[in-house]
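Peer 1: Below are the chains, spelled out letter by letter.
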Amino acid sequence: MSEGILASFTSAMNLGGVARLLLMLPLCLSVAIVYKTIRLPHVEDVPVAALRLWITVLGGMCAVGVGLWLLFELMV
Amino acid sequence: MSDHPESSIIRVPLAGLLAWLIPGAGHLFLGERVRGLIFLGVITLTFWTGVAVGSVQGTVAPHSRRLWFVAQLGTGGNALAAYMLHRVVAPESAVASKPTASGNWLSAEVGVHYTGVAGLLNLLIIIDAVARADGSLRRGRRSEVAGGAT
Numbered sequence: 005m006s007e008g009i010l011a012s013f014t015s016a017m018n019l020g021g022v023a024r025l026l027l028m029l030p031l032c033l034s035v036a037i038v039y040k041t042i043r044l045p046h047v048e049d050v051p052v053a054a055l056r057l058w059i060t061v062l063g064g065m066c067a068v069g070v071g072l073w074l075l076f077e078l079m080v
Numbered sequence: 014m015s016d017h018p019e020s021s022i023i024r025v026p027l028a029g030l031l032a033w034l035i036p037g038a039g040h041l042f043l044g045e046r047v048r049g050l051i052f053l054g055v056i057t058l059t060f061w062t063g064v065a066v067g068s069v070q071g072t073v074a075p076h077s078r079r080l081w082f083v084a085q086l087g088t089g090g091n092a093l094a095a096y097m098l099h100r101v102v103a104p105e106s107a108v109a110s111k112p113t114a115s116g117n118w119l120s121a122e123v124g125v126h127y128t129g130v131a132g133l134l135n136l137l138i139i140i141d142a143v144a145r146a147d148g149s150l151r152r153g154r155r156s157e158v159a160g161g162a163t
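As you go down the protein sequences, you meet chains G and H in turn.
Our numbering puts the first residue of the first sequence at 5, with every later residue one more than the last.
Our numbering puts the first residue of the second sequence at 14, with every later residue one more than the last.
The set of hints was computed from the structure by calculation and includes no laboratory data.
We treat Cβ as the ideally placed atom computed from N, Cα and C, and that holds for glycine.
Nothing false has been slipped in among the hints.
To be clear about the criterion: a stretch of chain H counts as covered by chain G if any three or more of its residues have a C-beta under 8 Å from a C-beta of chain G, and this derived list gives those stretches:
1. 40-52
2. 55-63
3. 122-129
Covered by chain H, according to a simulated footprint, are these stretches of chain G (three or more residues, beta-carbon under 8 Å):
4. 13-20
5. 26-33
6. 40-54
Computed beta-carbon distance windows for the label pairs:
7. H:W118 with G:S12: 18 to 24 Å
8. G:L72 with H:P26: 40 to 46 Å
9. H:L58 with G:G8: 17 to 23 Å
10. G:L25 with H:L34: 33 to 39 Å
11. G:E48 with H:P26: 29 to 35 Å
Work out the full structure: start from the sequences and follow the hints.
Peer 2: Below is the structure:
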């Protein structure tokens with residue numbers, strides 16, 4: 005069993021297509037949780053605030069992506 | 014915990030050191046249990062998710078990814094444990110490594126970003142732990158001055 009656990013850290017996953025984009029979600033969630041846990045005086049407020057920040061960040065990144073894509077389409 | 018200024022002076026660097034060594038330990042030391050546990054869970058999970066995605070050889074590579082390794086060192090004990098694992102698994106690539114796992118370069122890139130971001134987030138947590146410890150030090154001095162004035 006310990007060899008199985010070790011193997012999961014010594015062999016890379018095969019990422020492709022949508023998987024690499026989906027891995028952006030937990031990373032953004034980590035950033036949102038840590039930021040809100042540092043900033044907020046009451047820890048009880050963290051889950052809702054982190055969720056809102058997470059959605060805002062993802063929405064912002066999607067908006068930037070769409071904006072750059074439109075710019076590319078217009079220029080090429 | 015004592016409110017003497019002498020013990021508070023020790024608390025500031027100790028909180029910073031603990032926060033670096035084990036993410037969240039600085040806050041746990043300062044009595045912020047829930048906050049510390051959140052940091053411990055999030056940083057550890059983010060770091061080891063990155064290692065699992067990109068493999069320890071492709072992710073924690075101090076020679077081929079020097080600046081990323083500096084960022085990863087922000088997680089302290091996690092990065093050191095991953096580097097030890099790297100040396101055990103592939104000692105030759107730990108000493109003089111080229112980018113490994115050429116077929117999985119994308120996974121390695123994702124893993125490096127996860128671990129690097131975990132390290133940088135832990136730097137913020139260290140600063141927060143030190144600031145909170147310093148705040149308690151200032152409060153202690155203020156109450157001492159107020160106590161002396163009355």
